[in-house]
Amino acid sequence: MGHLRRPRAGAPRLGRGRPLTAPAAAGPLVRLLGDKLGDATSELWTDEDTVEVQVPGDKIVDTLRTLRDDPDFGFFFLADAAAVDYGVGERFEVVYHLYSDKHPTWLRVRVPVDRENPLTPTVTGLWEGAMFHEREMYDMMGIVFEGNRDLRRIYMSPDYRSFPQRKDFLLPDDAADSPAAGNMPLERPETWDLTRLQDAAAHRDEPGGPV
Amino acid sequence: MTTTRKRPGAEKAPAKPTPKRASTRRKAAPADDEPRIRDPLELEAALEAAPGDESLRPETTRPEFYGFDIVPPPDRPPQTEREREVYTLGDGEMLVNMGPQHPSTHGVMRLVLKVRGEVVIDLDPVLGYLHRGIEKLCENATYTTVLTYVDPMDYMSAMHNEHAPALAFEKLYGIKAPRRAEYIRALVVELNRVFSHGLMMGFLALDLGGLTPILYGFINRDQVVDLLSSISGQRMLFNFFRVGGVNFDVNDEFLSRLGKWRAGVLDTIEMNEKILTENEIFGARTKGLGVLTAKDAISLGVTGPNLRASGVPFDVRKAHPYPPYPELEFDVITQQGGDTYARYMQRVAELKQSIHLIDQIVDRMPHGPVQAQVPGIIRPKPGRAYAAIESPRGLYSVYAISDGGPNPYRFRMRDPSFITLQVMPKLMPGHLIADTMAVMASLDPIMGGVDK
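Chains as they are written, first to last, in the numbering used here: chain E, 1 to 211; chain V, 212 to 663.
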């Protein structure tokens, strides 16, 4: 077994515990964000190849449109859109990762979403490709995207009731350790039923009536 | 006719009771008034006996086809505007299921086609047949174990599946793999790309009715998989990457196999090329079919060879290079057509480019350790990390959040074939049902990755 070369004594512990520093290349982007989107963005943070900002939900579509259409930004490509659950009593977060050929870093835009009332505007008007992302977020987290014209479950069946990637959806292993062991509270329609929100969104967009 | 064919029900049952054993084995004969489909020989004999009696022919109220099943619209009100649009039938239109087990869907997926005659009017992909909740499982696993969970996601590119999480976790933990490990990673990843693209050539031909190229594709795949199993120990789900390095260093068996494979790899590929590239029938079936414009492709989030076949030079290895790609020489290949044929040509070109990259990697591989020192259970500081790589199907990225515990708080994977599937309703209207398979095969989605 001579080829099973395990780490030797001299193996480098490269950069362990190294502080996160702002890359020099991100400087122009950070300045641009301050100049053009200073009032919409907050909590700027950078790591080695990402610049991160937080944008409130009511300004997200305009901000993303500026980022996409402004030739100085040039973030024309939506690389990823994901939802994060920060736990019961906290908040949801929708995270957009954008790519630009003018800046050498990814741009991460975080949008906080109320956990009790998980509504946020859709960005399918900017990128059609956000459709599957938003359908997945709706399916897995239960975030309702206002104005999305195809907000259906994408992985689970249409009659499924709960949202598996929420942090209070426990896997059976964890449920055994939880205070509610034995109850298996995996599906709680009374808390996860979002039809009221959908109805409200539908009424808002279509004066003719609910879809 | 001296002998008559025995027909159940045509003759009177024998007066004496049949032995019990025989009656349990034999299926009960259908009653005379029960409608049933006659078998063809029986029908032929009956028509011979009574020529011109068309009432003998079975009534075809519900035509059935191989692989297709006519579906009624769902028996519930449509949930969304788009669903109503797809499932409302106009004059002369019907809904046809392609899948979930149709061979051309490359996994388990269902396409609901709205067709008028043989022309596709609209299309709705129905996913989730392979959904395993890998993201949730990974959030309940330690960082090291996550790398085993992601393997079966996109099973055609298991090495790429491990690459992005490994990079993201290293970024979270503030560690870097040694240079030799980076080169070994690039080597196995490019080998994986070779067999993935080689199989795509075969599957495209298979879906168009040509059986031979898939055999050459699998010959090539078997050689590569043997190679990778001699370095990783496993044939399909390699589990080769570790946080901070790779599991094994390259060994003599691997290197000798690599040399042998490299000497003959272009044979199978050129064999496929000779069959397909200049083939008139293949060209007639694929050229100008399913044209995806650059603008649409960007808006729909298409990445990888499908995007580059539309003329957009976006390759993560160049756009956000991860080591060792900045040290290697290669160009971003693009095609101009954007059609099925261009996507095929793009795969062929990238396959050869990967072989070129493998040559460079082997030439320049540095010496040194292949694994940095990491503890058995990794607990990164709270933070966020995003890592993207170029998989054979496009931009594959991982967004990981750590809360300081031994498992990732949030583990998000962006699978390129999942997003690429959205172009199907854009491309297909106006084309034939048979062309759906060609376009699907040229987009090369893998359902294990789509459904996660």
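Certain hints may be false.
List of simulated lysine-lysine pairs, PhoX-like, C-alpha gap at most 20 Å [what the hints assert, rightly or not]:
#	chain 1	residue 1	chain 2	residue 2
1	V	K529	E	K102
2	V	K347	E	K167
3	E	K102	E	K36
4	V	K506	E	K102
FYI, nobody ran anything at the bench for these hints, they're computed from the structure.
Note that this is a predicted model, so its numbers are computed, not measured.
> K347 of chain V and K167 of chain E: Cα distance at most 20 Å?
Replying inline: holds (9 Å)
> Under the criterion that the straight-line Cα-Cα distance not exceed 20 Å, is the pair K529 of chain V, K102 of chain E satisfied?
Replying inline: At roughly 13 Å apart (the allowed maximum being 20 Å), K102 of chain E and K529 of chain V satisfy the hint.
> Straight-line Cα separation of K102 of chain E and K36 of chain E no greater than 20 Å?
Replying inline: Holds, at about 16 Å.
> Are K506 of chain V and K102 of chain E close enough, with their CA atoms no more than 20 Å apart?
Replying inline: holds (18 Å)
Of the numbered hints stated above, none is contradicted by the structure.
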